[in-house]
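Our numbering puts the first residue of the sequence shown at 4, with every later residue one more than the last.
None of these hints come from the bench; they were simulated from the model. Heads up, some of the hints might be wrong.
As the list claims (entries may be wrong) - DSSO-like cross-link-like pairs, simulated, lysine-lysine; straight-line CA separation at most 30 Å:
| hint | residue 1 | residue 2 |
| --- | --- | --- |
| 1 | Lys100 | Lys90 |
| 2 | Lys100 | Lys40 |
| 3 | Lys48 | Lys9 |
| 4 | Lys100 | Lys9 |
| 5 | Lys4 | Lys48 |
To be verified - Simulated restraints on C-beta separations:
| hint | residue 1 | residue 2 | range |
| --- | --- | --- | --- |
| 6 | Glu97 | Ser62 | 30 to 40 Å |
| 7 | Lys41 | Glu70 | 18 to 28 Å |
| 8 | Asn34 | Thr95 | 31 to 41 Å |
| 9 | Pro96 | Gly58 | 30 to 40 Å |
| 10 | Gln16 | Thr51 | 13 to 23 Å |
| 11 | Glu70 | Lys4 | 27 to 37 Å |
| 12 | Tyr60 | Asp38 | 18 to 28 Å |
These numbers come from a predicted model, not from an experiment. C-beta atoms are modelled at their ideal positions from N, C-alpha and C, and glycine is treated no differently.
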Amino acid sequence: KAVYQKECLSCHQADGGGVPHLNPPLYESTNVVGDKKKIIAIVLKGMTDRVPIDGEYYSNNMAPHPELSNQQIADVLTFIRSNWGNKASAVTPEEVKTVRGVKKK
């Protein structure tokens with residue numbers, strides 16, 4: 004929760020609801036509760052592509068956060084994946100380490 008409050012809250016809000024048309028909500032999102040590798044990569048590498056997220060486009064880019072440790076990313080993603088009605092499995096530091104080691108093609 005501490006990492007969320009410091010790194011994520013200003014864009015995604017205290018309730019995980021995001022900001023309409025600017026920043027996507029973190030609840031009921033296939034990016035959040037789907038494939039862990041995808042959400043880990045988004046946190047590590049950011050997201051600048053204008054692609055629909057659950058059918059809606061958002062205009063703000065997400066900054067990359069490679070400075071966060073594997074443990075911090077695992078903690079914040081586990082927090083997000085288990086709050087606001089989300090019921091997805093935990094993310095481990097080992098999973099973050101694996102994704103961190105994959106080079107973009």
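Hints, verified against the model:
1. Proposed proximity of Lys100 and Lys90 is supported: the alpha carbons are some 23 Å apart, at most 30 Å.
2. In summary, the hint linking Lys100 to Lys40 is supported, as the alpha carbons are separated by about 11 Å, within the 30 Å threshold.
3. Between Lys48 and Lys9 the alpha-carbon distance is near 18 Å, which keeps this suggested pair within the 30 Å criterion.
4. Under the criterion of a C-alpha separation no larger than 30 Å, the hint pairing Lys100 with Lys9 is consistent with the structure, at around 22 Å.
5. Among the hinted pairs, Lys4 with Lys48 is consistent with the structure: their alpha-carbon atoms are about 21 Å apart, no more than 30 Å.
6. Roughly 34 Å separates the CB atoms of Glu97 and Ser62, a value that falls within the hinted 30 to 40 Å.
7. In this structure, Lys41 and Glu70 meet the distance hint of 18 to 28 Å, their C-beta atoms being roughly 20 Å apart.
8. Checked against the hint of 31 to 41 Å, the pair Asn34 and Thr95 fails, with Cβ atoms roughly 19 Å apart.
9. The hinted window of 30 to 40 Å between Pro96 and Gly58 holds, with their beta carbons roughly 32 Å apart.
10. Judged by the Cβ atoms, the range 13 to 23 Å given for Gln16 and Thr51 holds: they are separated by roughly 21 Å.
11. At about 19 Å, the beta-carbon gap between Glu70 and Lys4 misses the expected band of 27 to 37 Å.
12. Hint check: Tyr60 to Asp38, Cβ distance near 21 Å, so the stated range 18 to 28 Å holds.
Violation of the numbered hints given earlier is confined to hints 8 and 11; the remaining hints are satisfied by the structure.
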